[in-house]
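Residue-level listing of the chains:
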Amino acid sequence: MTPEQKEKLQKAKDLITSYRGPRIRIMEVCGTHTHEIFRLGLRQLLPPDITLISGPGCPVCVTPTTFIDEALWLALAADGPRATICTFGDLIRVPGTTASLATARAEGAKIQIVYTPLDAAEYAHAHPEETVVFLSVGFETTVPSSCLALQRAQEYGCTNFTLLTANKVMPPAYRAMASSCDAYLYPGHVCAITGTSIPEQLVHDGISGVVAGFTAAELLTAIAVIVKRVPLGQPFFVNCYPRVVKPAGSPKAMALIDKYMQPVDAEWRGLGIMPASGLALRPDYAAFDARKRFRIPPLDGHPNPACRCGEILQGRCTPPECPLFGKTCTIEHPIGACMVSREGTCSAFYQYGNY
Amino acid sequence: MLNDNEKVTLAHGAGGKKTSELIHDIFQKHLGNRYFTADDAAVLELDSRHIAVTTDGFIVSPWQFPGGNIGELCICGTVNDLSCMGARPKYLTCAFQIEEGTPLRDLELIASSMAETAAAAGVHIVAGDTKVAGKGQVDHCFITTTGIGELQPGLCPSGSRAAAGDAVIVTGDVGRHGCAILLARGDYGIDAAVTSDAAPLWSIVEPLTKIAAPEDLHTMRDATRGGVGTVLYEIAGESGVGIELNSAAIPVDPAVRGTCDMLGLEPLYLACEGRLVIFTPAERADEVLAVIRQTEQGRGAARIGTVVSDHPGKVTINTVLGTQTILPAPGGELLPRIC
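Quick note, the sequences are listed as chains Z and Y, same order.
In our numbering, each residue carries its 1-based index in the first sequence increased by 38.
In our numbering, each residue carries its 1-based index in the second sequence increased by 10.
Hints may contain errors.
What the hints assert, rightly or not - Restricting the straight-line Cα-Cα distance to at most 25 Å, the calculated cross-link-like pairs of lysine to any residue (SDA-like) are:
1. Lys266(Z) <-> Thr333(Y)
2. Lys266(Z) <-> Gly233(Z)
3. Lys297(Z) <-> Thr180(Z)
4. Lys51(Z) <-> Lys220(Y)
5. Lys330(Z) <-> Ser183(Z)
6. Lys290(Z) <-> Asp201(Y)
7. Lys324(Y) <-> Leu83(Z)
8. Lys44(Z) <-> Pro60(Z)
9. Lys290(Z) <-> Leu273(Y)
10. Lys49(Z) <-> Gly271(Z)
11. Lys220(Y) <-> Leu331(Y)
12. Lys51(Z) <-> Thr329(Y)
13. Lys365(Z) <-> Gly391(Z)
14. Lys44(Z) <-> Lys141(Y)
15. Lys141(Y) <-> Gly25(Y)
16. Lys51(Z) <-> Asp57(Y)
17. Lys46(Z) <-> Thr64(Y)
18. Lys49(Z) <-> Lys324(Y)
19. Lys49(Z) <-> Arg267(Z)
20. Lys51(Z) <-> Asn328(Y)
Think of the hints as simulated: they come from the structure by calculation, not from any bench.
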């Protein structure tokens, strides 16, 4: 850290730790923010009047049980395509209604872990004899790479590659959760794609927030700005991550999303169905849409009834208040999605022992 | 004579003429020394009545990576285990399991790396075995090495001897081998100049045997798979103590740091192949650090923390914000095999 950065950090820290006044609730909606906040021990600095709430920022955590059930159907059902499932590693331990992809693998399901969606397209190209489905989860940050994978598969002329989509967009969640907090710590990575017009628009609806980066200095500065602005009583938006987030975002990535995807109503684990909060393939690309192509029957997934992930995602309770947390639900044997994902709130609480 | 494009066949493992050729043209050529024998066992001399023995298997993928290859690794891993016990590495044996179809020139490169590293470590390779497995039964070439070392008087390091008040020292920047391997696999599409830290470490331990009170080297362990973080948790558990790290003092190469930030990895949990973690009383720390820093492999040594009697079995980190957090315990992360 340069002396300049150190001074800035100290200034922000002083402003936060000395705050006394009306309660300020700040919600972070990005798994990486959650993880960094714990890694830095940032919550320990907060005075009693400032609360940090971990919102629905982890794509794995908000993926509903039904989605896992659909993937299992594609991989295993006798009347299904017995597809090879390509997925990010985080997703394989998320429990469906009765099984996870990891347990399905032991039953003979073919599960291939990939690091980028493009790898899934390459896999399909290299294995024309297999039916390959990529589990497309994630927010605006990962959707463009799913679209790129589809584009690559088209270029290859692959007819054995499809996407099972559960992609989400953040704006409806910002609106739905607005009463749970006084200001958002907007996700730096998402805003780098979408730009700042959405949070600017939200100001007109009375919703405040700042875009934050991921270093200690960037996080503290962003929180300090919130602490300074909330008591003034006027809705606000500040871009505290200007080195990465530009007002227009990434028009190229947004155009790619728009070419292949369209908004749909989507289910978020714990939050229910939110209008226009998801992205699904446009009808022109139905041949690449696993739901349409394989006619997945309607499935109605049920999470473990004791699991409180839903409330945790809304900031209505903290992980230690869940009866399963740390007892039957641990990093080694996760029951809820928030414990599975490395970016999940329960996983952060558990790993850093703040309970 | 070897044909440049020749590949290993099952005949190379059948014990006949091809096997003799393989041993003569590659292994004897590079690894031969006065102990290396065609008889059934090597006959050796030792000065000390107390010896240390260790064995380790190596299945790294990819077999070569920036900064080394499996040949270098299979020597470093075993001589470093001996060194950590305060034993001067003397002799090694090696057993190869080679996949059918492996180019002979790859084996030659591996053997020559082994020879070079063994020479640097001052150790003789005295016996070996070669097996050829069918295509797909092993990945390229697996190597198991067994090492014998002579214990040096005065040194008695053990994982259970770390004590409250000890300084925790690492002999260089952390996580470089693991990071180099991850990048060499090309799974992430990240370009960064990271080379493995693989190195034999007796050159660091030997001068430490000559310090005023070598028995004060309470614990020495080489951080391999699982990285420095895993070693710290092992020792905290074995000694029943807590460890407090100072995050700003942990040496991490900027390219490793950048890669870890991008992938959400903790450098303390990435493998090293040329780093020791040493515990010694705080009042000895400066002397020990000075000795280590004079060695070529130990120039980047740093004191990264202190042993405490609080929170036994746990490792905490003092962060740049002045807060204290727990270093998450090593988990069952599905990281690909790397050493």
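Structure versus earlier hints, numbers of those that do not hold, lowest first: Result: hints 4, 8, 11, 14, 16, 17, 18 break, sorted rising.
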